[in-house]
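Participant: Protein chains in written order, with the working numbering: chain Y, 1 to 358; chain U, 1001 to 1278.
Everything labelled a hint here was simulated from the structure, so no lab data went into it. Keep in mind that the hints are not guaranteed to be accurate.
[Said to hold, decoys possible] Quick list of simulated restraints, FRET-style, between CB atoms:
no., chain 1, residue 1, chain 2, residue 2, range
1, Y, Asn126, U, Ile1251, 43 to 53 angstroms
2, U, Phe1042, Y, Ala167, 35 to 45 angstroms
3, U, Arg1178, Y, Glu199, 34 to 44 angstroms
4, Y, Pro41, U, Lys1180, 34 to 44 angstroms
5, Y, Asp110, U, Phe1046, 47 to 57 angstroms
6, U, Ala1125, Y, Gly18, 44 to 54 angstroms
7, Y, Asp110, U, Asp1164, 25 to 35 angstroms
8, Y, Ser13, U, Arg1178, 47 to 57 angstroms
9, U, Asp1164, Y, Glu199, 26 to 36 angstroms
10, U, Met1098, Y, Gly68, 55 to 65 angstroms
11, U, Ile1095, Y, Ala167, 23 to 33 angstroms
[Claimed, not checked] In silico BS3-like links for lysine-lysine, alpha-carbon gap of 30 angstroms or less:
no., chain 1, residue 1, chain 2, residue 2
12, Y, Lys31, Y, Lys87
13, U, Lys1180, Y, Lys78
14, Y, Lys108, U, Lys1087
15, Y, Lys108, U, Lys1004
16, U, Lys1180, Y, Lys107
17, Y, Lys284, Y, Lys294
18, Y, Lys116, U, Lys1180
19, U, Lys1184, Y, Lys87
20, Y, Lys266, Y, Lys301
21, Y, Lys266, Y, Lys294
22, U, Lys1184, Y, Lys155
23, Y, Lys111, U, Lys1162
24, Y, Lys31, Y, Lys185
25, Y, Lys132, U, Lys1004
26, Y, Lys185, Y, Lys115
27, Y, Lys284, Y, Lys301
28, U, Lys1087, Y, Lys111
29, Y, Lys132, U, Lys1180
30, Y, Lys116, Y, Lys181
31, U, Lys1162, Y, Lys21
32, Y, Lys107, Y, Lys32
33, Y, Lys284, Y, Lys298
34, Y, Lys132, Y, Lys31
35, Y, Lys116, Y, Lys185
36, Y, Lys87, Y, Lys32
37, Y, Lys298, Y, Lys319
38, Y, Lys284, Y, Lys185
39, U, Lys1180, Y, Lys87
40, U, Lys1004, U, Lys1087
Just so you know, these numbers come straight off a predicted model, no measurement behind them. Idealized CB from N, CA, C, for every residue including glycine.
The primary structure of each chain is shown beneath.
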Amino acid sequence: MEENRLINLIDVSKTFDGYTKVLDNINLYIKKNEFLTLLGPSGCGKTTTLRIIGGFETPSSGDLLFEGESILGLAPHKRRVNTVFQKYALFPNMNVYDNVAFGLNIKKVDKNEIKKEVSRMLELVNLNGFEKRSVNSLSGGQQQRIAIARALINKPEVLLLDEPLGALDLKLRKEMQIELKNMQKELSITFVYVTHDQEEALTMSDTIAVMHGGIIKQIGSPEDIYNEPKNAFVANFIGESNIISGVMHKNYEVTFAGHTFPCIDKNISEDTNVDVIIRPEDIKIVSEDMGQLKGVVKNVKFLGIHYEMHVEASEFTWKVQSTVLSPEGSNVGLTVAPDLIHVMKKDEVIAKEEADEE
Amino acid sequence: MKSKLLSFPYILCMIFLVIIPLLLIGYYSIIDFDGNLTLNNFSQVFEPMFLRIIWRSIRLAVISTAICFVIGYPIAYILASRDFVKKSFLLFLFIVPMWMNFLLRTYAWLTILENNGIVNTIFRALGFDGFQLLYTEGAVVLGMVYNYLPFMVLPIYTVLTKMDNSLLEASADLGANRRKTFTKVVFPLSIPGVASGVTMVFMPSVTTFVISNLLGGADFLLIGNLIEQQFFRANNWYFGAALAVVMIVIILVCNTFVTLFDKNDDNEREAKRKHEKA
Ligand SMILES: Nc1ncnc2c1ncn2[C@@H]1O[C@H](COP(=O)(O)OP(=O)(O)OP(=O)(O)O)[C@@H](O)[C@H]1O
Ligand SMILES: [Mg+2]
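Bound-form chain U, shown alone:
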C-alpha cells in the first residue's frame, strides 16, 4: 500500500512527460490538417526522397557506431588492464571534454575543418592543396564519433574491470596465451558492455540534428533534421509526427537486435532460477 503511495509522483511524471507526449505524437501522425483520420502521413514517409534520408541516417549512424567500437574497445581494454598505472589520468582526460557543452565541442570542429581551418592550413603549409572537409558526410561521422565515443568506452570499461581476474588466470593455467584468452574468454564476456555501448552510440547518432546541421551544412538532412524542419519550419506537425513514429520504430528494432546478444545470458539466469526453486 505504502509503496504504491510513494510511487504516485513518479507515475504522475511518467504520465505527463512520457505517455501523453507519445500518445499525442501517435495521434498527430494519423490525422491531417482538417483533423480527419488518414494514413497519408505515413505513405509520404515512404516517398523515395524521404526514404533516402532515412537510409542515410541509418547508414551514418551504423558507420559511426562501428568506428566508435573499433576505437573504443582498445581504449576501454587499456584503461581496464591491471598493470596500467596512469589509468585514472587517462580516464580523466577522457571525461574532461564531456564537461564542456555539446554545442561548443561541435563548434570547435568547425574551426578545425573549415577551408581556412587548422587542418587545411597545415596541409597548405606542407605544400599540398587544401580540400573540402567541412560539410561532408565524413565531417558528420567525425562529429558523431567525437561526441559519442565515451558512451562506447565507459560501458565496455565497466564490464572489463568487473571481470573476475581468476577467469583470466584459469585460462592461462589451461594453456591459453594472452590472445587466445582474449578471443575465447574476455571478449565473449564483454559483449553485454559492447551491446549497451552500441545502443548508446547508435541512438543519439541516428536521431541527431545538431551535428548534421553544424558539420554537414544547412542542406545536409538526416531524419532528425527532417523532423525538426516539419515542426519548426514547414509547420507540418502531422508529417513530423509520422517521421518521429518511424524513428521510434527504427530504434526499437535496433534495440531488440542488440539485446538478442544478451538473450542467452538471460535465458541462463532464468534456467538457474528455476533450477534453484526445484
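The following block holds chain Y by itself, in its conformation from the complex:
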C-alpha cells in the first residue's frame, strides 16, 4: 500500500503572519492515477493545500513527500507537478500557440517537436486551429482548455487544478466535468482537484477530502462520504440533511425527537449525546397511524424530479424528499429505516489513523 502513495502530506500546518492557523495538521496521501478532490467551503484552506503541493507556499511545519522523498526544498518546476490556476493565468502577450508551447520553449525543445506536441495538445482539448488566436479573444471555457493544455504539455505526473470550472456557466461546467474526467483516465495522470461544489466533487472524484477550518473532516470515496458521513459538518456540507441532537441509552437504540428509534450503531458508552443525521430522501411518508413520528406538512416545493416537503413533527421541521406528493396541511406519519439513521458522537473529527486506513 505504501508504494502506491505518490504524494504524502504529513502533519502539514500553515500559519500566515505567525498567528492565523490556516492549515492544522493535514495528513493526506494521494495515490497514483487517483482523482482526489479537496472539497470545502470558502476559506477552509483548499488553495493553500494545493499551493503547498505545487511549491508556491511552504508549510510552517510538517513534510511533503513525493514517491517517499521530501520535495519541500524543490522549486515548483523541479516538481513533477503542474498547476492549472484559478483564473487560468494565461499569458496575455502571447497567442494560443505560444502559451501552450511555453514550457517546451523554456526547456529548449526542438522546434519541430514543439510544433507536433502543441497540435497534439490542442487536439486533446478540442481546440485545433486556434493556434494564432490571441488568448484574450477566447471564451472562458476555451481559456480553461488552453490552460490545461499548457500544463499537460510538460507531461506532469500530477495535475493540480484550483476550481478550474468556477467561472463557467452551469451547462458548460457539466460538459467540462465529463471532459476532464475522461482526460484524466485517458492520460492516466493523477489529478488533485479543488472545488467548493459538492456535486462536482461527488461526480468526478475517486476520493474526496472534505475540509473545514484547516482540518480534514473526512476522507473517502464519494459513496462513503455521502452515505456514511462521519460528522455533522460533512453530512450537512454534502447534500442537505436533517441534523438533530439525540441520546444513545444503549446499543442499537437512539432517542431523538421524543421517540426511540432502532438503529445499527453500537459500541457507544451509555447515555452518549449524539448528532443524528438523516437524509431527506431517507425519510418515508406513511399514513399518520403507521408513522414513528406524526406531523403536518407545512410546505411543498417541486424540484424537477421530486418534491421537497417540510414536515413539522415533534417540534422539528423535517426535510423530506419524495416523488409522491403529500399536499400541504395534510397529517402524515414519518418512518426511517434503522440503517439510514446516521449516528455520530458530537463533533467527531477523524483521527489520523482513521484517515489513513482504507
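Using the hints provided, position chain U with the ligands relative to the given structure of chain Y.
Facilitator: For chain U with the ligands alone, kept in the frame of chain Y given last:
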C-alpha cells in the same frame, strides 16, 4: 439630454482654452506682418540654422527619455516587487522632490555644477583639475532626467504592481527562472507603462525652455527657447506660431509611434468584443 446640459461648461472651457488658441496659432502661422496669407513662416523653419535647433531638441529629448527608461525601469521594478519591505519609504523619497518648485529644483543644480560648485570643489580637493559642467548639453540632459524621471517610474510602477501574481507563478511552474520570466512575461506586459512613461518624459523634454535656459545658458537654444524668443523678444508671432505648429506635429508623430506598441492590445480587445457579440 441632461448629460448634454452637464457637459456644456466643459465644452465651453475646451473651446476657450484649447480650440481657440490652437486656431489662433494656426492662423498666425500662415499670415505675415501685413496680414496676408503666406507660407514663408514655414519655409523659414526649414532653414538650416533652425533645423539644427529642432534636431538638437529631438536628439536631447530622445537621449533623456532613454536614460530615464534605463534608470527608471529598475527603480519601478524594485519598488513593485513584493518582497521589498521599505517600499513606501522609497516611494516617498521619490515623490518628495516633486513637491518642490520645478524652478527651485533646477536652480539647485546650478550650485552643484558651477565652476566653483560642489562637484568641482570636490574634484579639486582630490587633486584633479576642475572642468566645465554647467552650460553643456550634458547639463541640460541631466536637468531633464532629474526633473522628468518620476514620470517614467510611476506609470511603469503602476503597471507592474497591477500585474497578476499568478502569471509569474504560472511561468515559474512551467520552468522559467526569474530572468526568463522577466523577459518573456513581465517586460512584455509592462510595455503599456513604458509607452506612457516615454510619452510623459519625451513631451516635456522636447518642449522645455526653462531647463535649457538655466543649465544650458542663454545661448543654448532648443525649439522651446526659439518659440519663446519669437514671441517675447523678436516679437515675431507669425514665425513663433509656425514653430509651435511644427512642434505639435513632432509630438503627434512621436505619440503615434509610441501608441503603435499598444496597438496590438487594442486590436485584441476589439476582437474580443466582436467575439462576445457574435
Ligand atoms: N498569503 C496569505 N496571507 C494571509 N492569509 C492568507 C494568505 N493566503 C490565504 N490566507 C488565508 O488562509 C485561509 C485559507 O485560504 P485558502 O485560499 O486556502 O482558502 P480556499 O479554501 O481556497 O477558499 P476559496 O474557496 O475561497 O478559494 C483564508 O482565511 C485566507 O484568508
Ligand atoms: Mg481557493
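Participant: Against each hint, give a clear statement of whether it holds in the structure.
Facilitator: Do the hints match the structure? See the list:
1. Y/Asn126 to U/Ile1251: 43 to 53 angstroms: Taking Cβ atoms as reference, Y/Asn126 and U/Ile1251 lie about 49 angstroms apart, which means the hint holds.
2. U/Phe1042 to Y/Ala167: 35 to 45 angstroms: Cβ of U/Phe1042 to Cβ of Y/Ala167: about 57 angstroms, so the range 35 to 45 angstroms is violated.
3. U/Arg1178 to Y/Glu199: 34 to 44 angstroms: holds, 41 angstroms
4. Y/Pro41 to U/Lys1180: 34 to 44 angstroms: holds, 38 angstroms
5. Y/Asp110 to U/Phe1046: 47 to 57 angstroms: The hint (47 to 57 angstroms, Cβ to Cβ) holds, given that Y/Asp110 and U/Phe1046 are roughly 56 angstroms apart.
6. U/Ala1125 to Y/Gly18: 44 to 54 angstroms: holds, 52 angstroms
7. Y/Asp110 to U/Asp1164: 25 to 35 angstroms: 31 angstroms Cβ-Cβ, so the 25 to 35 angstroms window holds.
8. Y/Ser13 to U/Arg1178: 47 to 57 angstroms: violated, 29 angstroms
9. U/Asp1164 to Y/Glu199: 26 to 36 angstroms: holds, 29 angstroms
10. U/Met1098 to Y/Gly68: 55 to 65 angstroms: holds, 59 angstroms
11. U/Ile1095 to Y/Ala167: 23 to 33 angstroms: violated, 38 angstroms
12. Y/Lys31 to Y/Lys87: This hinted pair holds, its Cα atoms lying about 27 angstroms apart.
13. U/Lys1180 to Y/Lys78: Roughly 16 angstroms separates the two Cα atoms, so the pair holds.
14. Y/Lys108 to U/Lys1087: violated, 36 angstroms
15. Y/Lys108 to U/Lys1004: Cα-Cα ~59 angstroms, so violated.
16. U/Lys1180 to Y/Lys107: Answer holds: U/Lys1180 to Y/Lys107 is near 11 angstroms, not above 30 angstroms.
17. Y/Lys284 to Y/Lys294: Since the Cα atoms of Y/Lys284 and Y/Lys294 sit roughly 12 angstroms apart, the hinted pair holds (cutoff 30 angstroms).
18. Y/Lys116 to U/Lys1180: holds, 23 angstroms
19. U/Lys1184 to Y/Lys87: holds, 20 angstroms
20. Y/Lys266 to Y/Lys301: Violated. Y/Lys266 to Y/Lys301 sits at ~36 angstroms, over the 30 angstroms cutoff.
21. Y/Lys266 to Y/Lys294: holds, 27 angstroms
22. U/Lys1184 to Y/Lys155: Satisfied, since the Cα-Cα distance of roughly 22 angstroms is no more than 30 angstroms.
23. Y/Lys111 to U/Lys1162: violated, 33 angstroms
24. Y/Lys31 to Y/Lys185: Between Y/Lys31 and Y/Lys185 the Cα gap is close to 14 angstroms, so the pair holds against 30 angstroms.
25. Y/Lys132 to U/Lys1004: violated, 43 angstroms
26. Y/Lys185 to Y/Lys115: holds, 25 angstroms
27. Y/Lys284 to Y/Lys301: holds, 17 angstroms
28. U/Lys1087 to Y/Lys111: violated, 42 angstroms
29. Y/Lys132 to U/Lys1180: It holds: about 23 angstroms lies between the C-alpha atoms, which stays within 30 angstroms.
30. Y/Lys116 to Y/Lys181: The given pair, whose Cα atoms are some 24 angstroms apart, holds under the 30 angstroms limit.
31. U/Lys1162 to Y/Lys21: OK: U/Lys1162 and Y/Lys21 at ~28 angstroms, within 30 angstroms.
32. Y/Lys107 to Y/Lys32: holds, 26 angstroms
33. Y/Lys284 to Y/Lys298: Between Y/Lys284 and Y/Lys298 the Cα gap is close to 16 angstroms, so the pair holds against 30 angstroms.
34. Y/Lys132 to Y/Lys31: With a Cα-Cα distance of about 38 angstroms, the restraint between Y/Lys132 and Y/Lys31 is violated, given a limit of 30 angstroms.
35. Y/Lys116 to Y/Lys185: Judged against 30 angstroms, a Cα distance of about 22 angstroms means the pair holds.
36. Y/Lys87 to Y/Lys32: The given pair, whose Cα atoms are some 27 angstroms apart, holds under the 30 angstroms limit.
37. Y/Lys298 to Y/Lys319: Holds, at roughly 10 angstroms.
38. Y/Lys284 to Y/Lys185: violated, 39 angstroms
39. U/Lys1180 to Y/Lys87: holds, 22 angstroms
40. U/Lys1004 to U/Lys1087: With a Cα-Cα distance of about 44 angstroms, the restraint between U/Lys1004 and U/Lys1087 is violated, given a limit of 30 angstroms.
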